[in-house]
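2 protein chains.
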Amino acid sequence: MNDRLQAIRNKMAGLNLQGMIIAKPENIRYLTNIEAEGILLITRKENVFITDGRYMEYVSSIITPFDEIVVDDQKNISKDEYENFFLFCENVGFEEGYLTYKNYKEYIRKFKINNFVEAEEILTLLRMIKDDKEIADIKRACEITDNCFNMLKKYIKPGLTEKQIARKIHDYYIENSEGEAFETIVASGENSSKPHAVPTDRIIKENDIITIDMGCKINGYCSDMTRTVFVGNPQDRQIAVYNLVLENQKKVLNEIRDGANIKTITKSVETDFNINGHSLIHALGHGVGLEIHEDPIINLKNDVPLKENMVITNEPGIYIAGDFGVRIEDTVLVTKKGAIALTESEKECIII
Amino acid sequence: MNDRLQAIRNKMAGLNLQGMIIAKPENIRYLTNIEAEGILLITRKENVFITDGRYMEYVSSIITPFDEIVVDDQKNISKDEYENFFLFCENVGFEEGYLTYKNYKEYIRKFKINNFVEAEEILTLLRMIKDDKEIADIKRACEITDNCFNMLKKYIKPGLTEKQIARKIHDYYIENSEGEAFETIVASGENSSKPHAVPTDRIIKENDIITIDMGCKINGYCSDMTRTVFVGNPQDRQIAVYNLVLENQKKVLNEIRDGANIKTITKSVETDFNINGHSLIHALGHGVGLEIHEDPIINLKNDVPLKENMVITNEPGIYIAGDFGVRIEDTVLVTKKGAIALTESEKECIII
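First to last, the sequence lines map onto chains H and Y. So for the first sequence, the working numbering puts the first residue at 15; every next one is plus one. So for the second sequence, the working numbering puts the first residue at 15; every next one is plus one.
Heads up, a few of these hints could be off.
Any copy, or any two copies together, can satisfy a pair, since identical chains are not distinguished.
Straight-line alpha carbon distances no greater than 25 Å define the calculated DSS-like cross-link-like pairs of lysine-lysine that follow [as the list claims (entries may be wrong)]: (1) 126 to 315; (2) 315 to 93; (3) 59 to 124; (4) 124 to 277; (5) 93 to 124; (6) 126 to 89; (7) 147 to 321; (8) 124 to 315; (9) 126 to 116; (10) 59 to 89; (11) 119 to 38; (12) 89 to 281.
It should be emphasised that the hints constitute simulated quantities derived from the structure, not laboratory data.
This is chain H alone, in the form it adopts within the complex (with noise of 0.2 Å):
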């Protein structure tokens, strides 16, 4: 059995589950390589993938038998197998942050389980702590983000809108990854006063404030990059806050490393950002993986530190409502002895 199937079990009855559901296709995809519509059983006896008709052939040619995991059509299982499936099992673990309640229902039902038991914690902790080559995936996202920033770098000037600028990104991601990770965004003006902007028509003028949020993804890896660049000249409040953005990102930079709290960090950015008359309206982070955002988030709320091994995003931002906004991310690793920035991108204040 692969160790991921090993480690989940081995987790599994340290929490006294007999069986688990495993429906996020991400986790799925974590612990048997399968991007296929389907539920992952974990009994008693095997490790077995339902799924119709239209991905037996795909997901029959992606297993091996060292995965020791058993492929069925939906179709051929008959009412007396679902009900046989956790067989004296007690507790029946599930993910309580991806199952719908309807389908909680219908699996309770279904397969006839006892205690069905909040479990997703099992594979956010396990998919929380990177291993090598995830790492290695994760990194060579980044190299392609950063390359397609020096890309950009050259490529921006007055006259493009912010569509022909996302335009251009999502381009470069197709021909050199497997794509963007997420909507990648494009907001320039007075649009960079809202985080989440989209891209719209707005023509880039000279001395243009321009807020680029970007990634790509490798083997389902992702990266995640944030800088806000100037067309020409900055304008002094413009600098005042680009610099205190800048100075805290590269604070937290300082201060991330196995062991640090999580909540110390994030209160720090708030407190000098309140000095300062502004607010950190957002998470200063987040986890980074096969999803775009996964655990840890890095907020107030979350009271626990860093460890080895996690990839994080270090993204601090102050949005100016109706006039402008600067945010500056990068994707983390991090170490025993500190973070390593896997985005290396230059943020010292970028006109182009």
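With chain H fixed as given, assemble chain Y onto it according to the hints.
Just chain Y now, kept in the frame of chain H:
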């Protein structure tokens, strides 16, 4: 208050619901035009959209006084205020097919809900029947898809890869619409035997069969069309399967009308496939709207009549593992008199 919010309030009254929490983005967009993270509360007194700092500026710019929607930043809502939204409400509805089990439990606690009642059907029933504006948007998305297919007939030739063709479709949609409604499928040769194939680097050869499943979005509304084409000479066994699929697709188009039973229509295709030694391995179709797959599902389990102004797909397909597959799909409007195919590309055996 806008008509849709009024309609949902009327339906709620009929089900003895005094409040409702709407969390599914497409439902929020349908009712309010808002495209932002957050939840919509329908309370006795008000409609409240709870969001966060990232979206306050955007949401306030979208809604009009006529909508009668109050916008709240979650960080300004106290524990007491949360508990007061549904005060004196006996039953509060929620979307059981969208809300995760975790959110289900969280909302009961946070809003101090007495009876949290499965009520998603209110919205799926409303959304299944399209109004003139929605039909116009879908029609436009279908027209663009037809135009894209016309372009493809001239573009496709031996030597191109599946990915290059998919890219061409992507680019066409970016130029002419809000982009792809789903990940385009371009499956050639033996890849066409997988109904959900992902475009690969496989190079198109002389005499290849190619299945192309494509759609775009206009004002959020989707189109969905599949054509299976031949590059050069089809083989006799391919023509036999093609004609069987095409006959059934046309037969279904003739049967679709207000009042026609979904199960009966599907059964007739399954029977004809079986008589000819094949199987119907996926649904015959699905509703199309703000989501590419929405209600009603067109399969054997759905023993209900079609209704006027539903928009559904008609997409029979036959897949011969490891060999080839054929699927022919149109987006179709249900009327009192019959079906109107909104995608109109030719579907007699297409040789390019």
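Results of checking the hints against the structure:
| no. | hint | verdict |
| --- | --- | --- |
| 1 | 126 to 315 | between (37 Å within a copy, 22 Å between copies) |
| 2 | 315 to 93 | between (44 Å within a copy, 16 Å between copies) |
| 3 | 59 to 124 | within (19 Å within a copy, 40 Å between copies) |
| 4 | 124 to 277 | between (42 Å within a copy, 23 Å between copies) |
| 5 | 93 to 124 | within (8 Å within a copy, 38 Å between copies) |
| 6 | 126 to 89 | within (18 Å within a copy, 41 Å between copies) |
| 7 | 147 to 321 | within (18 Å within a copy, 52 Å between copies) |
| 8 | 124 to 315 | between (37 Å within a copy, 16 Å between copies) |
| 9 | 126 to 116 | both (15 Å within a copy, 21 Å between copies) |
| 10 | 59 to 89 | within (22 Å within a copy, 48 Å between copies) |
| 11 | 119 to 38 | both (16 Å within a copy, 19 Å between copies) |
| 12 | 89 to 281 | between (53 Å within a copy, 16 Å between copies) |
The structure meets every hint from the earlier list without exception.
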